[in-house]
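Guided by the hints, dock chain B onto chain A, whose structure is given.
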Amino acid sequence: MSRTYDLVHRTTYTYPQEVTDSYGRTVMTPRDLPGQTVLTSAVEIDPAPADSAVQHDYFGNRTTYYCVTEPHTRLVVTARSTIEITRVRPDPASLPTVAWDETATSVQTGSAAAAMSPDALVVLREMVLPSAHVTFVDEVRQWAAPSFAPGRPLGDVVVDLCHRIRHELTYRTGSTTVSTTQRQLLAQRTGVCQDFAHLMIAALRLHGVPARYVSGYLETLPPPGREKLRGADASHAWVSVWIPGAGWVDADPTNDQLVDDRYVVLGWGRDYHDVPPLRGVIFTEGSGSKLSVQVDLVPSGSPAFA
Amino acid sequence: MIDVLSSAGPNGARPGGTWDWLPEQAATPSESDLARARSEAEGLLADHGVTYGAAAEHEPWRLDPAPVVIDEDEWSRLEAGIAQRAELLDAVLQDLYGPRRLLADSLLPPTAAVAHPGFLRTVDGLRLPGGRELVLTATDLARDDDGTWLALADRTQAPSGAGYAMEGRRVVAQVLEGVYRQTPIQRLGPFFRALRQTLHDVAPPSAPQPRIALLTPGPGSETAFDQAYLASMLGLPLVEGSDLVVRDGRLWVRGLGGTEPVDVLLRRVDAAWCDPLDLRAGSRLGVPGLVRAVRAGNLSVVNPLGSGVLENPAVIAALPRLARTVLDQDLLLPSAPTWWCGEPSSASYVLEHLAELVLVPLSREDHGVLGWTLDATQRDELATRISAEPWRWAGQARVGGGALLDVAGDDGTGPGEQDRSGSGVGVLRTFAVAHRGAYTVMAGGLARVADGPVVSSRTGAVAKDVWVLAGASEPAAEPADAGGEAPVARRTGVGISSRTAENLFWLGRYAERAEDQARDLRVVVDRWDDFHGRPRSAGGRALAVLVGALVDPDAPADAAHAPTLRELALDRSRPESIAASIAGLGNAAAAVRDQLSTDTFGPLARIDRALRAERARQRVPEQGLDLGRFDDARAATAGLRPVLDRTLEGLLAVAGIVAEGLVRDVGWHLLDAGRRLERAQHVVAALRRTLVDPLPRTVEAHVVDSVVLAHDSAITFRRRYPEDAGVTAVLDLLLLDDANPRSLAFQIERLRRDLSGVPMRSRPTDERDRLLAQLGDLVVELDPAAASARDTDGRRVRLAETLDSMHWRLLAVADEIEKVHFARPVTARALDDPWDAGDEEVAP
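Sequence lines, in order, name chains A and B. Read left to right, the first sequence gives residues 1 to 306 (my numbering). Read left to right, the second sequence gives residues 1 to 844 (my numbering).
Excised from the complex, chain A in its bound form (with noise of 0.2 Å):
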C-alpha cells in the first residue's frame, strides 16, 4: 500500500521598499528514506536567482542556496515535490519494551550504538543535549517528571508524552514566536506544533534519551461534506525519539499518535534551528515585510494549485 503526493509549498515576502540583493536558504526538498521515495522535486525563486546551489547539510538533509541580486519587492519561493510514501505506522504496542532509563544508560556508556557504526554514537549523543530551542529549565522537568516513571517501556514514555502535549497545552496559530522560551510556552500552555515537539524533544533529552526534530508536512483531510481548500495545509513538525531495537521512531505530539502515510519529511536537525524551511538575509532600506506561505500536499494528479 503506498500513497503519492503531490506537495507545493510556497513562500511570499512583500517588501514596502526594494530589496536589492536576498541572500537564502530553504530546507524544502524531502529526504529519500525508507518509507519515502521523492519522484521529482525542484525549487523555483522569482526573481531568479543569480546564484544558486544545491547541497546535503550535515544532517544529511538537501538545502538550497539562492542569491537574487535583481531588485523587487516581492520574492516568491516555490517547492514542488512529487513523493511516494509506504511507511506503516508502527503499532506502540509492538515497539520494544526497553525501559528509558537503561536507553539513556546506554547512550550514556556508549553500549547503545556497539551494535551500530561509531558514527552513530556521535549522532545519539548530539541528541542528548541542549541545544538553541530545547532548555534544560526546571520549568520543563517538572512538567516532564510524571512521565517518566522509574523502569517505564520507552514507548510508553513516548506515547503518554504525546497524549499528554494534545491534552495538557492548547494549539493555537500565532501564539508563539520563533523566540519563545520553552518556559514562556509552559506558563501559557498554547503554542504550535514546533513548540510541542520542542518540549517533547527537551523532556526525553532531560532523561538522556535521544530525540530530534523532524521538518515536514502532514496531509490534512477537508470537515466531513465540504471540499477541501487549495493551499490550506501547512509545514509540520514532530519529533524523531531513538529507541534501542526499533531505531528511530517518530512521534506527532500536536495529533497524539505516531507517523504514518499521510506524513511527509522533509529533514531533521536538533531542533528548528537547524532546518528552518526558509532563511535568509536582506538588504533593503525598508523595514518589515509581509510574509504569506502556502502549503498544498494532495494526492498525485489531483488539480495543482498553482
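These are calculated hints, taken from the structure and not from any lab test. Be aware that a few hints might be false.
[Claimed, not checked] Using 16 Å as the maximum straight-line C-alpha spacing, the simulated EDC-like pairs for lysine to aspartate or glutamate come out as follows:
1. B:K819 / B:D738
2. B:K819 / B:E767
3. B:K819 / B:D737
4. A:K290 / B:D832
5. A:K228 / A:D6
6. A:K290 / B:D766
Since the structure is predicted, the reported quantities are computational estimates derived from the model, not experimental observations.
Just chain B, lined up with the frame of chain A:
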C-alpha cells in the same frame, strides 16, 4: 616584576631577571638604564599608537623592555613540542569535520566536540587546499614550580598577539640597543614569511595569483592594533564585513570603482560571526554567503571556519592518548593537568577538588572561575551547575607559584574573578604556522606577566619580548628563506575598499580642520594678550570680530555657555574644538592604519599628549569670551600658545609624511581631496565672518592682518601689496591667486585634479563636476575691487552673496563626493522567520 618565564641561569636559579647570559657582562644594564629604557619604550609605544582594548577604552599597550630569555637547548625542545602539538591539533580538526573516527569515549569523547559551540555543523566536510586545516595556532604556556613548561590553552580560532610580539621586538631592540646588538637572538621574521607564503599556498587552485585580505571586526576590536599591524606586515588590505559581498559564489571586496575578487581571507572575526546567513543570524561582522563561497571552492578562509572547536579543555585532556593514536608518539609538550567533567570519573575528581582548581568552561563563551576564591555557598552553587551540565566544565590544576586562569587577552572571555594574593605569574604565548608540510614556530612569542593569578591584557598584564638565544652556529644574519619568496606580482587595480577610501578622505578633512582651527586660535590668543583689556581700541574691536569668527554664527547657539578659548582648543565634547578634530583624525587614521606609515602615529600621539596634558591642568576660573569683563583674563589663554604650537607642528609633520611618503594612488587623491575641500570651506567661511559686516577702517586693518596671518599668507601679503592694502588685496590673495596654496582657486583646481582620477561607484559625477565648474567660474568672475565695495549701510553685500554661493556649493560638493564615491552598502537584515505561517492541527 618577577621574571618567572626566562630559562634558568648557569647557577640553576630561577626566576631569571639576571643578565648572566650576556656575552659581555660589562654590557649589563644598570637599574637606571632599565628605568630609562622603560620610559623610552612607553614613549615609543604611544608614538606608534600601540593600544589594547575595545574602541571606547583603548589602553596603551604595556611593555617591560627587560626580555624573557630562553636558551637555545630549552627552546629547541619547546619548539619540537609546539610543532608536534600543532600537528596533532590539525589531525583532530581534520577528523572532526571529516570522518570523525577519533570521536570515541576512549579517545576524544563525542560530546566534547558536539557540545562545543565552536563545532560548526554548517562547514562539515569543507577542506582547505594545502593539506592542513589548522594554519595558525597559538599556545599559552606557563612554568610549573620546577620550571617545566606546561600548556594551559590553545588558541585556534583566530589567534592574536603576533603583531604585538613583533612590535615589542622592534621597541626593545631600540631602547635596549646595546644589549640587543651584542646578543645573538633568533629572529621573528621567518614566522611571518612562512605565514605569508602559506596564505598564498592555501589559495583555491583557480587563483594562481591570489588576492588576500585580513578580515577584521573593525577598529573597535580589542586587538585592533595587532590586526592592523599584522595586515601591514603581511601587506594585506584590512577589510570589514561591510566591505565585502558574495556574488556568483565568490567573495568580492567593494572597491571604489567596482568589486574585486578575494581568494583568501585571514580572519580575525570568530567563525560564528562570519556569515549571517549560514552561521550566526544578525551578525554584522560577516558577509552573507561566505560559507557558500568556501563550499564552492572559490575562497579559502584561515583559520578555516570551525577551528574554534579546538579551544577546548576536553581536547587538552585527551591530547596524550590522541598523540599515541594519531601520531604514534608521546606528547612532547605536556599540558597542565586537566579534567573534563563530561567523563564521570573526572567530574567526581573536579567536584571533590573545587577549591584547588581553575574551573575552565568548555568554550570561552562562558566564564572561568578560580575555585579557591569561592566561599562555601558559591562552591555549592558551582557544584550544582557542574553536576547539571558536566560536559560544559573542566578543572585545571594551578600552574606555577601564582596559578593561572585562562589567559584571556584575546577578544575572548576575561576571568570572572581575580585574586590579588598570588605572587608574580607569567604566560608565554607561542605561535606556529603551517608551512609546506610542517609547522614553523615563531622563535619567541608574546610573554605577559602580572602580579595576580590572572594574566590578561584586559586586567593590565605587562608584555615582554621573548629572546630565544641563538647558538654559535646560528648565522647572524636573517636565515634565507628555504622556499624562497612568493613571486612578486604587482597588482593593478584600485585595491582599497570604499570604507577605506572614505576614511582617507576624512583623514584629510580632519587634519586640515584641526590645522585651520589651530591657526585661527593662535592668532586670537596672540591678539588676546595685547588687546583684551582694551575692548574699545581698534585692536580690541578687531579681536572681538576674530573671536566671533571662531564659531559658526549659523550653528545653534549654546546660550548658556559660549565656548571659552580653552574649550575651543581642548574640549572634545565640542565639535568645533581642535580636540574633537584631533579625535576624528585619530579614529580615521586608526581605521586605515594598514595604509599609513607607522611614522604617522608619532605626531598624532604627541598632539594628543599635549592636549591631554593641558586639559589636565586646572586653570581656573573658566572664563567666557566676553572681552574685558574679568579680573584675570589672561587665564583665558594661559597655556594655550604652546599647545597650539605643538598641535601645528604635529599636523605639519603628518602633512609632510602624507606628501612625501604616500604613493599617489586613489587613496592619496581622496585624502588630498578631503584636505582641499576642508581648506576651501574654511577660507570662504573665514572671509564671510570677518570681512562682510561694517567696520571702521582702523579696525579692519587689524582684522585684515590677522586673517592673512591665520591663512599663512602674511609674508606674501606684505611683500606683494602696498602698506595700506586692504580687503581687495585679501580677496585677490585668498580667493583668486591660483599660485597661493591657501587660496580658494588653488583648492578648487586641486580638488578637480584629485577627483578626476578617483573611480566612482555607479552614479555619474556630472553634478559634482558641474558644482566644481561653477565654483571655478565664481572665482574667475569675481572682481576683488568691486566685491570689496561697501553698500550704503557699510556691508559688503556683493561679497556676502558671492561667498554664500561659494559656501553652499562647497557643501553640495561634499555631499556629492559622499554619494558618488562612498555609497554606503544598504543595511542587511534577517528575513522574517516563517515560524508560524499557517501551521495547522488536524481534526482529531
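Query raised in the report: Are the Cα positions of K228 of chain A and D6 of chain A separated by 16 Å at most?
Result: Holds, because 15 Å separates the two Cα atoms, which is no more than 16 Å.
Report task. Would you mind confirming whether the straight-line C-alpha gap from K819 of chain B to D737 of chain B stays at or under 16 Å? Result -> Status violated; Cα separation ~30 Å.
Query raised in the report: Regarding the pair K290 of chain A and D832 of chain B, is the alpha-carbon distance no greater than 16 Å?
Result: Holds: K290 of chain A and D832 of chain B sit about 9 Å apart, inside 16 Å.
Query raised in the report: Holds or violated: are the alpha carbons of K290 of chain A and D766 of chain B at most 16 Å from each other?
Result: Cα-Cα ~38 Å, so violated.
Query - Pair hint outcome, K819 of chain B versus D738 of chain B [Cα-Cα no greater than 16 Å] - result: violated (28 Å)
Requested in this report: Verify the proposed pairing of K819 of chain B with E767 of chain B, using a straight-line Cα cut of 16 Å.
Outcome: holds (11 Å)
This entry does not satisfy hints 1, 3, 6, going by the numbered hints stated previously.
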